[in-house]
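Read off the chains here:
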Amino acid sequence: MYTQGLDGKIGPVREAETAEEKEREARFQARIDAEERIEPNDWMPEGYRRTLIRQISQHAHSEIVGMLPEGNWVTRAPTLRRKAILLAKIQDEAGHGLYLYSACETLGVERAELVEQLLAGKAKYSSIFNYPTLTWADVGMIGWLVDGAAIMNQVPLQRCSYGPYARAMVRICKEESFHQRQGYEIVMTLAQGTPEQRRMAQESLDRWWWPALMMFGPPDSDSVHTAQSMKWKIKRVTNDELRQKFVDVTVPQAERLGLRIPDPQLRWNPERGHYDFGPVPWDEFWRVIAGEGPCNRERLEQRRRAHEEGRWVREAALAHAEKRRLRDRAA
Amino acid sequence: MADKDWPLYEIFIRPRNGLAHRHVGSLHAPDGEMAIEMARDLYTRRGEGNSIWAVPAVAIAVSSPDDKASLFEPAEDKEYRYPTHYTIPSDVKNM
Ligand SMILES: [Fe+2]
Ligand SMILES: [Fe+2]
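Chains C and L, in that order, give the protein sequences. If you read the first sequence in the numbering used here, its first letter stands for residue 1, the second for the next number, and so on. If you read the second sequence in the numbering used here, its first letter stands for residue 1, the second for the next number, and so on.
Honestly, I wouldn't trust all of these hints.
[To be verified] 30 Å max Cα-Cα, derived DSS-like pairs, lysine-lysine:
{"id": "1", "chain 1": "C", "residue 1": "Lys-231", "chain 2": "L", "residue 2": "Lys-4"}
{"id": "2", "chain 1": "C", "residue 1": "Lys-174", "chain 2": "C", "residue 2": "Lys-22"}
{"id": "3", "chain 1": "C", "residue 1": "Lys-231", "chain 2": "C", "residue 2": "Lys-22"}
{"id": "4", "chain 1": "C", "residue 1": "Lys-174", "chain 2": "C", "residue 2": "Lys-124"}
{"id": "5", "chain 1": "C", "residue 1": "Lys-174", "chain 2": "C", "residue 2": "Lys-231"}
{"id": "6", "chain 1": "C", "residue 1": "Lys-323", "chain 2": "L", "residue 2": "Lys-4"}
{"id": "7", "chain 1": "C", "residue 1": "Lys-22", "chain 2": "L", "residue 2": "Lys-4"}
{"id": "8", "chain 1": "C", "residue 1": "Lys-245", "chain 2": "C", "residue 2": "Lys-323"}
{"id": "9", "chain 1": "C", "residue 1": "Lys-122", "chain 2": "C", "residue 2": "Lys-22"}
{"id": "10", "chain 1": "C", "residue 1": "Lys-233", "chain 2": "L", "residue 2": "Lys-4"}
{"id": "11", "chain 1": "C", "residue 1": "Lys-124", "chain 2": "L", "residue 2": "Lys-68"}
{"id": "12", "chain 1": "L", "residue 1": "Lys-4", "chain 2": "C", "residue 2": "Lys-122"}
Because the hints were derived from the structure by calculation, they are not lab data.
Excised from the complex, chain L in its bound form:
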């Protein structure tokens, strides 16, 4: 019988101030505090970041690929949301 593993955490790292935290991977840890210490060893051995978020994987709500059409297709036929949709005479400047 396989041992019961520690819970799964998803790890986010901010490479440096001014940038957002980015998902880098996951790891198993007994709790959040240990997850951060382990993420330090696992994902920042070469100065990859200065801030870590460890999020329990079970806390993340995920969209399903089956809903791709209903979620994302409505955006595809709304050309008017892009600046290129509008024709402005070329002698109008600064727009």
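Pulled out of the complex, with its shape left as it was, chain C reads as follows:
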């Protein structure tokens, strides 16, 4: 999802050559195999470090950009209760972004550098946040489906081999459950409302269903780095396994609401014990990843503007702190 393996490139990594280097790598793998956690100052292969930096920073960027589609509805939330809930949820997402930037910094990269990469359009974030929130139902749909998919992806990451990432995930997972439930409650309210409200809920589900399934990333057959990430226990469950699990738990939730999943091929397969579902429109996925989704440009522009407009605040706070430090020293 937020770690959908969008960009497999981590640049050339020098392979272990000498016997000593190979021995060190074998020792590292043995620690991973023994379910030991790796901590910031421990030795780690360069590929492991770079894979983590890529994954954690993409995850962090996704949390930050993910605030934008929801922020679109804060001033138009239908009641004060919904507005307070939405604000609290968005604040949580900001927190998730910050926990993750912190975790990433323990790998020897600076947050400012990561933010710079995002603003320069050089970093990836989850494809899902390049879709617009056209109706209030979309806010509910994001909570139910997008946060639902996030939970599915993040729960196994709590056991990721890298300690700081795993710990950030524990905090995040504790908070996500509220996100999904408030979303489902919004959709349920609409689904039990007037015919117009029902239509709004259905129309929203029709737009979000496939993009939600894309959140788990390309099919296993197309994701080159899955095997290495699984071996390092950075990743615990494959994209396709997570996607299937998501479909299996979400279909009954939609049925309960009386909403129809927009997939004519969807049906329960008693032999497999899973739902079969139609082909995911991967062309659309790759287009969105390449920057041609409905809102890619808008999202980045909004982040850039926020960054620029906040610059004087960051500088003033630092100047104030410096002035006070000098004054305290003089006193």
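Add chain L with the ligands to chain C, keeping to what the hints say.
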């Protein structure tokens, strides 16, 4: 060019009186006072604590994993530091 970031603070929170402060994570802040206000928003949104320490990360001395052997191995062969090392007849009570 990336902007210069605020300094890094490590954040410790005491969940409630009677417990020690525990490391919860880090954040960037212009100074200690702001670090505490930001830690409030970042790490205690759901009543996770009642006291915050914000420590400049540069002020923390850290042991190196390379010194693990010299620092911690000496403790491993000193069985006599544990009560189970001693054989006391079972009819001796309250010990
Ligand atoms: Fe989140
Ligand atoms: Fe969330």
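We went through each hint and held it up to the structure:
no. : hint                  : verdict
1   : C/Lys-231 x L/Lys-4   : violated, 37 Å
2   : C/Lys-174 x C/Lys-22  : violated, 39 Å
3   : C/Lys-231 x C/Lys-22  : holds, 16 Å
4   : C/Lys-174 x C/Lys-124 : holds, 25 Å
5   : C/Lys-174 x C/Lys-231 : holds, 27 Å
6   : C/Lys-323 x L/Lys-4   : holds, 17 Å
7   : C/Lys-22 x L/Lys-4    : violated, 38 Å
8   : C/Lys-245 x C/Lys-323 : violated, 55 Å
9   : C/Lys-122 x C/Lys-22  : violated, 33 Å
10  : C/Lys-233 x L/Lys-4   : violated, 34 Å
11  : C/Lys-124 x L/Lys-68  : violated, 38 Å
12  : L/Lys-4 x C/Lys-122   : holds, 19 Å
Consistency with the previously given hints fails for numbers 1, 2, 7, 8, 9, 10, 11, ordered from lowest to highest.
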